[in-house]
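> Sequence:
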Amino acid sequence: MKKTEINKKYLFDGVSGFEYINKSYNPDNFKKSLNYIDEIIIHCTANDNEKWNNPIFLIEYDTHSNHISKNGCPFATYHYYINKPGEIFHLIDLKYFCWHCKAHNRNSIAVCIHHGGIIPNVTEQQMNSLIFLIKYLFEIMKWEKSEPEYRNRIRFHRDYANKFCPGFLDYEEVIEKLLENS
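The numbers in my numbering rise by one with no breaks, and the one at position 56 of the sequence shown is 56.
Treat the hints with care, as some may be off.
Here are the computed lysine-lysine pairs in the DSBU-like style, where the Cα-Cα straight-line distance is at most 35 Å [claimed, not checked]:
id, residue 1, residue 2
1, K163, K145
2, K135, K51
3, K70, K177
4, K102, K142
5, K70, K145
6, K84, K51
7, K51, K70
No lab work stands behind these hints: they were computed from the structure.
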């Protein structure tokens, strides 16, 4: 994928990706208005297994019994996924909320980076893609690209939960890189 565009085709949009939905859930029950979105929450996979470069493994994990739900989640728990080579995958349309951060699912965009979290191993390609994606999301949400807005709208999962997620990703480095070319 070129860094100048986000692939608009995603793995789940309520119809074309239906095979990736936990059959016990109705996607229509998870719709939300984009007007309610006010933040981006960044996560990590806490797994360095190379097979997870393919987002299907993430989706299969999410829709089966996992750390969030013994019954599995309705579908992928992130809107966007960035693998080790820095490819950006749009997993779920923003009109659907996903189960990624308790009490913040309906008002946030979920982004997950494939890395183990226990050692600082986010690749340069992943960091570049993350910065590109955040700027893109700020554009489509019509949010101002400024330091106060970045700090107001970008959160790490650990800001809301007692978890080391997204691992060693450095919040200040993310803000600094966003400001470099804003």
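> Of the hints stated earlier, which fail here?
3 and 5
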